[in-house]
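Line order of the protein sequences matches chains A and B. The first sequence lines up with residues 1 to 326 when you count with our numbering. The second sequence lines up with residues 1001 to 1337 when you count with our numbering.
No wet-lab data here; the hints were simulated from the structure. Check before you lean on any hint, since a few could be wrong.
Claimed, not checked - Cut-off 25 Å, straight-line C-alpha distance, at most; resulting in silico cross-link-like pairs (SDA-like, lysine to any residue):
| hint | chain 1 | residue 1 | chain 2 | residue 2 |
| --- | --- | --- | --- | --- |
| 1 | A | Lys121 | B | Arg1204 |
| 2 | A | Lys215 | B | Leu1319 |
| 3 | A | Lys215 | B | Ala1027 |
| 4 | B | Lys1034 | A | Leu122 |
| 5 | A | Lys121 | B | Tyr1035 |
| 6 | B | Lys1033 | A | Asp131 |
| 7 | B | Lys1304 | B | Asp1111 |
| 8 | A | Lys20 | B | Leu1224 |
| 9 | A | Lys163 | B | Gln1029 |
If you want the building blocks of each chain, they are given just below.
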Amino acid sequence: MDLDKLRKTAAEVVSRDDVKYLIGWRRGTFGYRVAPHFIEDAAGVDELIFSPLCIANLANYLTLTEKLPVPRGQEADTRKVALLVKGCDSRAVAQLIVEKGIKREDVVVIGMPCPGMIDWKLLAERYPETDVAAEIGWKGEDFLLVRGEEEITIPRAEVLAEKCRLCRHPNPVLSDITIGEAVEPWAVAEDSGVAEIEAKETAERWDYWEEQFSKCIRCYSCRNACPLCYCEDCILDRLDPIWVNRAVNFSENTAFHLARAFHLAGRCVECGECERVCPVGIPLGKLNRKLARTVREEYGFEPGLDPEAEPFQASFKPDDPEEFIL
Amino acid sequence: MSAMLLNKEKWSEFIGKLSGKNLWAPAVQGEVKKYAPVAEGETVELDEGNTTVPPKALLFPQTETLYRFSTGKEELEFPGLDEEMVLLGVRPCDARAMALVENLFRWDFDDPYYLKRRELTTLIGLACNEPELNCFCPSMGGSPDSTEGLDILMTDLGESYLLETVTEKGKAIVEEMKDLLEEAPADALEQKEQLAKGAREKIRRGVDPDGVPEALPQLWEDPLWQRISAPCLGCGICTYLCPTCYCFDIQDEIEGSAGRRCRMWDSCMFAEYTKHTSGHNPRPTRRERTRNRINHKYSYFVDKFGVIACVGCGRCSTLCPVNIDLIDILRQVKAAQ
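Based on the sequences and whatever the hints tell you, model everything.
Have a look at this one:
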């Protein structure tokens, strides 16, 4: 990774008159944490990084950032937002464009071909986090952890994030500027997580999800971290009528998770943020990947690959399969 | 404060006797550690580290029925709150949090639900010999062997547990268990002091909050709030899993002609938390919400009750998916002063 080139490019982009700010990543305050970094002027690029810990999908901020009414007598700020994207993140941007959640001309996309990200929890099991933010990079196929004088090579397979193991699109699908060479897509592992659940009997499967959904504390981090969960008026926040009770129990939690999963069918770009941010370890990725695979296999459609595509749930083809219609 | 020794050989017998008292202890479920009931015949293994979900969830359940009602019936049906409960292995920070939160539940109105549960609950704490990465209780006036809020404090001495009695409730438990306990010799107390000292030395992170309550009102419009809140997801992790956050909402759930009024945790980080009926929201963005979270803990609560509403458990820093780190925020507040 050519960090100098990234920072130089970022400095040029944020200095443009038509760019409001650039969203990238910076080293976190301890351990293996990395924080989204909002850069408003060229000075901010010194902290910008791209490392195997930059797993957060920054496309989320395109819709998460509040748009307040413009005070009378003032003009709306129509400058663009620049952001760094990996392959999966770029799919979220493309899908947002498809859905008219954002306009293509409102973003400057800086593409980062991605050799794969680390699941920091797996790393922490082997090398516990310390109070100093760790320095980590890629070394050939593997990862390199630098701790003071010590350099530790960590085999890729040991700590690669699950979503990256299953990744089919490591290179950005759209970008205005690309930093670095395209990476060679790797052999995609079988989705053992989904296969394991598919192999269960219906009753067993129900028990599995009952256990998972019962853990939910409804902090809504999965919803809020999802770049494609951006309804201005979410049914979960509605109080009149109240569609999903605020009571936290298996029944209401299930209503929440299933509503979210169905709303993401044919839209989820499998960036894995929902599962990554869950504080109680609910394997939401499995749920969303199962739906994504159904859409892919039944309809030959993969969301977020083409910003010009028709939205899956709003399109109809006479030869759409209908085997599942009872 | 009396000190007794419980040899670990008698641990399962000790647990056996406690498990008849509606005993709860930390248990690992998947990748999450939280309090779970201990059935008779089950044992408990206490290890280092804290639970993801704080024990506040047992005294102040995430969803709690206040009463039930039905049409045509004038009487309300109140839940019977009479079951005693024993929480085992409570960390000193979490027990201290309960002592702090009690200020609120006793403030302008005595909350009968919380206070009744608190009264029925005995807290058997466990001193931290191995603090975690983001533990910073000494910064907030606590310590890895603080007894505040606890009825008994246990310390793991290796072969045995030292049990220090703090309250009358604790004394009653020790009295019941006296066949399993022996008088703690002086060297056990000495060993405990050494462990506590060692634990304090192992704490790696911290921030002196001195001056923070005074600085916060001056920093109301400071750009630091925009900077800190820009990456915030606006989720409820930091507040729901905070042992001192106590905000709740009250809702009616009605099905047919019967229903219940219940209260549930709420979070000042949620967009609709302060949303008015008119649609206006005085805290329209994550900037105002983040500012409120910090001001509530380090300024408003101090004004009202004379103490910071943070015990330094570090959960918010550890669990935030985008590295919004409370220790870092306090440092930024101090730097902006």
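Which numbered conditions among the earlier hints are violated in the structure presented, ordered from lowest to highest?
-> Hints that this structure does not satisfy do not exist here, as all of them hold.
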